[in-house]
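A.B. asks: On the provided structure of chain A, position chain B with the ligand as indicated by the hints.
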Amino acid sequence: MKQTLYEKIWNRHVVTELADGWTLLFIDRQLVHEVTSPQAFDGLRLARRKVRHPELTFATLDHNVPTDDQSVIRDPVAKAQIEALRNNCKEFGVRLFDIGSKELGVVHIVGPELGITLPGTTIVCGDSHTATHGAFGALAHGIGTSEVEHVLATQTLRQKKSKTFRVEYAGRLQPHVTSKDMVLKLIGEIGTAGGTGCVLEYTGAAVRALSMEARMTICNMSIEAGARAGLIAPDETTFNYIATGDRPFAPCGAALEKALAYWKTLASDPDATFDRTLTIDCDKLAPQVTWGTSPGMVTDVTGVVPEFDQVRGYSRADVEAALAYMGLKPGMKITDIKLDTVFIGSCTNGRIEDLRAAAAVFKGRKVAAGMRTLIVPGSARVKAEAEAEGLDKIFKAAGADWRYAGCSMCLAMNPDQLKPGERCAATSNRNFEGRQGKGGRTHLVGPAMAAAAAVAGHFVDIRTWK
Amino acid sequence: MNPFTTHKGIVVAVDRANIDTDAIIPKQFLKLIGRTGFGQFLFNDWRYLDNGQPNPEFDLNKPAFKDATILVARNNFGCGSSREHAVWAVAQYGLRVVIAPWRKDADGSRIPGFADIFRNNCVKNGVLTIELSEAEVDQLFGFIKAQPGVQMTVDLPKQTLVLHGKPEQVFKFEIDAGVKDYLLRGLDDIALTLEKEAAITAFEKKHDVQLAAR
Ligand code: SF4
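Chains A and B, in that order, give the protein sequences. At the far end of the first sequence sits residue 465, using numbering that gives the first Met the number 0, and the numbering has no gaps. At the far end of the second sequence sits residue 213, using numbering that gives the first Met the number 0, and the numbering has no gaps.
It cannot be assumed that every hint is accurate.
Said to hold, decoys possible - Quick list of in silico lysine-lysine cross-link-like pairs, BS3-like style, CA-CA up to 27 Å:
#1 B:K195 - B:K205
#2 B:K195 - A:K160
#3 B:K103 - B:K144
#4 A:K162 - B:K103
#5 A:K162 - B:K65
#6 B:K61 - A:K160
#7 A:K49 - B:K205
#8 B:K195 - A:K49
#9 B:K65 - A:K437
#10 A:K160 - B:K171
#11 A:K332 - A:K365
#12 A:K159 - B:K103
#13 A:K7 - B:K195
#14 B:K204 - A:K263
#15 A:K159 - B:K165
#16 B:K179 - B:K61
#17 B:K205 - A:K263
#18 A:K257 - B:K204
No lab work stands behind these hints: they were computed from the structure.
This is chain A alone, in the form it adopts within the complex (with noise of 0.2 Å):
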């Protein structure tokens, strides 16, 4: 039988068939924060149920923690949830990387980079981004807190099989042309629902080039295609990822071997047949900027703001409304658009080579006149491997704010919010209305467009600008 590699992790992992065409599908690991997981804890205790299997459990910090100072957490509300998660994972025995440790940072950051994450997994978290840790192969997918306390009580989930859909992603990249251009292209092309009840398989030439950090960054943004997760066959990229670097939770020696052997067969048959496909060429793909309130509201950063009736999969009353939140008028240059403050960092695009992308741009140059501008890294070990290279000093001198890890300005959960009318360049993965803060207005790119944007004061073609 051909299959596809999502067919191929799924029937792996079937416990047992339900009835109606559901299915019991065994979880390899749940990543748990501080948001979704109090209520879930609760209803075990409740019910007098225990954490099935803590040792596949792991638990960190994200979308709460200050990240200007963490010893003290101001906001009192936050303190409790931060401290709820702390004595649940005492209570139920379960891993936490807490404040002030080497491995806190974002739940889908964290996951790879401690080997966590491996391919042919099935992985879920309370969390939509859960996507991101497909990059490795890993069947993932975010879930609601129902279901993260059904995963703790019995380390399953009831699922019914979702629809395949190849994206091909032909050719190559241009210089400064990034993963975030690719999905935030798709997205444009399909809309945020084009994905829904689908697994999003991303193959093709550009795809392999990429790096395990910019694959991350297209599965991360799965969801916002409506997807129930996107997948990446996992290859000697992958692999090397794995073997090298400090990853504590991944295999070494001969347990690596053995799973090598098996992670190779993870890939779709050549002649698996999906339910949709569709092709993007690379070629000619230019850095992308979102205009709206939607991720699908993009365009190139050599476009204008479109025309309320021109916008595929969205009706004129949904650009009215989004052009109206967002100041902008049809006609408008992209690149005419002025920023007050630059976001860069999230489980998108807050891992290393992120920074290193803003810190070349950064590198010589100051930020504009009165720009704000937050460097989050997406975790402790990014944050430390960012000053062991010395791009903190970079940020620094260019008058850049460098953070402590955490969620940050991602949804503005913590104190690093946008007041009413603001506007954002950010790196992150939402532009809905409020995300960033009541009023903010925020426009997604990759990071060195956000970092050109920071210094120029308004958006760029990072690949003319000098």
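C.D. replies: Relative to the frame of chain A, chain B with the ligand by itself:
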């Protein structure tokens, strides 16, 4: 969980596509660690003015819709974050049913009315999500505009919606058989799964998480 069989109530419309979970419940309310008290924050930024007063322009605040228990919106409802707080807000506000249209993409693919995680979370909380066609949802919007406060009966066993307007209008809907059964019986997921304990244990014996973990 309370079973869902039939429900009669006022239907209210929010005429927007891609209503994301940040809009359904903004992040500042995600810090609560309990499972209750979210209903007052449903659609917070749309429902309240900056001074904290209810926004009279927002339909949920209008007298005709004050007691609405059925919501109809546009495509891709509940996209974005996986926060179940969004569904708790919907359910605790008193909404039992949400209706959104599926639509056809340019290449003929069917785009579901609800985002996957949101829809799943609804099932766990006894909230029924119903997909109709775009034309049917347009009809509903027309009715609600012409007859604000119109009631609807949702019959899950029969898979019908009856809009008690003038004239009365009946819609049929499709639903996953497993989800239907689950809602009708108001099942507890975890207890149900634990009935498969033998299968889980057998699986754990043969499954090598070591392939993946040290
Ligand atoms: S960085 Fe943003 S998207 Fe990622 S987990 Fe944190 S809040 Fe969610």
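A.B. asks: All the hints need checking, so say for each whether the structure fits it.
C.D. replies: Status of each hint after checking the structure:
{"no.": "1", "hint": "B:K195 - B:K205", "in the structure": "16 Å, holds"}
{"no.": "2", "hint": "B:K195 - A:K160", "in the structure": "19 Å, holds"}
{"no.": "3", "hint": "B:K103 - B:K144", "in the structure": "25 Å, holds"}
{"no.": "4", "hint": "A:K162 - B:K103", "in the structure": "16 Å, holds"}
{"no.": "5", "hint": "A:K162 - B:K65", "in the structure": "40 Å, violated"}
{"no.": "6", "hint": "B:K61 - A:K160", "in the structure": "42 Å, violated"}
{"no.": "7", "hint": "A:K49 - B:K205", "in the structure": "22 Å, holds"}
{"no.": "8", "hint": "B:K195 - A:K49", "in the structure": "16 Å, holds"}
{"no.": "9", "hint": "B:K65 - A:K437", "in the structure": "25 Å, holds"}
{"no.": "10", "hint": "A:K160 - B:K171", "in the structure": "25 Å, holds"}
{"no.": "11", "hint": "A:K332 - A:K365", "in the structure": "24 Å, holds"}
{"no.": "12", "hint": "A:K159 - B:K103", "in the structure": "22 Å, holds"}
{"no.": "13", "hint": "A:K7 - B:K195", "in the structure": "23 Å, holds"}
{"no.": "14", "hint": "B:K204 - A:K263", "in the structure": "24 Å, holds"}
{"no.": "15", "hint": "A:K159 - B:K165", "in the structure": "40 Å, violated"}
{"no.": "16", "hint": "B:K179 - B:K61", "in the structure": "32 Å, violated"}
{"no.": "17", "hint": "B:K205 - A:K263", "in the structure": "21 Å, holds"}
{"no.": "18", "hint": "A:K257 - B:K204", "in the structure": "18 Å, holds"}
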